[in-house]
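Trainee: Those protein sequence lines, which keep their order, are chains A and B. Counting from 1, one number per residue, gives the positions in the first sequence under our numbering. Counting from 1, one number per residue, gives the positions in the second sequence under our numbering.
Among the hints, a few may not be true.
Said to hold, decoys possible - Stretches of chain B that chain A covers, calculated by requiring three or more beta carbons in the stretch to come under 8 Å of a beta carbon on chain A:
(1) 41-55
(2) 97-107
(3) 110-118
Bear in mind the hints are in silico, worked out from the structure with no lab data behind them. We treat Cβ as the ideally placed atom computed from N, Cα and C, and that holds for glycine.
Read off the chains here:
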Amino acid sequence: MSMKSSTRQVDGVTIVDLSGRITLGEGSVVLRDTVRDLLSKGQKKILLNLADVNYIDSSGIGELVSAFTSCKNQGGELKLLNLTKKVHDLLQITKLYTVFDVKEDEAAAVKSFGS
Amino acid sequence: MSADRVSYTLDSTLETVNNAEETASRMAAAAGFNDEEIMKISMAVREAAVNAVLHGNAYDPSKKVTLAFERTAHDLVIVIRDQGKGLDASKIPDPLAPDNLLKTSGRGIFLIRSFMDVVEIHPSQTGTELIMIKHVHGNPVDS
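Just need the whole structure built from these sequences, with the hints factored in.
Mentor: Here it is as structure tokens:
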């Protein structure tokens, strides 16, 4: 299954709802293009909702890292929301769980972004 | 029995990566692994296939990837070979080192080692052979 991405605005935060697989090829490209597009529009408070991301490979992990650093380098914030167990475990073993700001509640996550 | 070993010769394409993953998932299920183990095995094979197709054969259409699965009494043994220049695993930086945590690549071999019980990398001038072994649950561990 390929990856789908849709965005919505909540209190100045762009929530990106992702579903499917973030893997080498289409999935990684969709994520990369989505984040690039948001940053180019000046939307620098980004919350990636990974609730429906059922699979991610090392390329996908690399794409998440790239999105995180791109956003940070432009003075923005990128956080993760609703990790599945698989993605949670992957971020744990790669020691990235503490690098990313990971949230479990959407409303609280939106509030956590700086003004 | 010969039915316990199957091998495939595959093109150096992204489709091969997906096919290798799906085949590994089927083989692991047939070998009796649980869902979590099947995910780990199929992901290890996916990462190995990515290495073979991208870093080994560099998408060269004249080069092939071979993938073999063998079910022994105690193990599922998976061997993947490419026809690249040979992977020097000693030159792969530790992806868990603080300076490398935010690198966007270099985690494939680490994930393979994390998910499989035994991993051997045999590089040569004619390619790299990667052997991955997962012990069948409940059976004694081979030394």
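Trainee: Hints first: check each against the structure and report whether it holds.
Mentor: Against the structure, the hints come out as follows:
{"no.": "1", "hint": "41-55", "in the structure": "holds (count 5)"}
{"no.": "2", "hint": "97-107", "in the structure": "holds (count 6)"}
{"no.": "3", "hint": "110-118", "in the structure": "holds (count 3)"}
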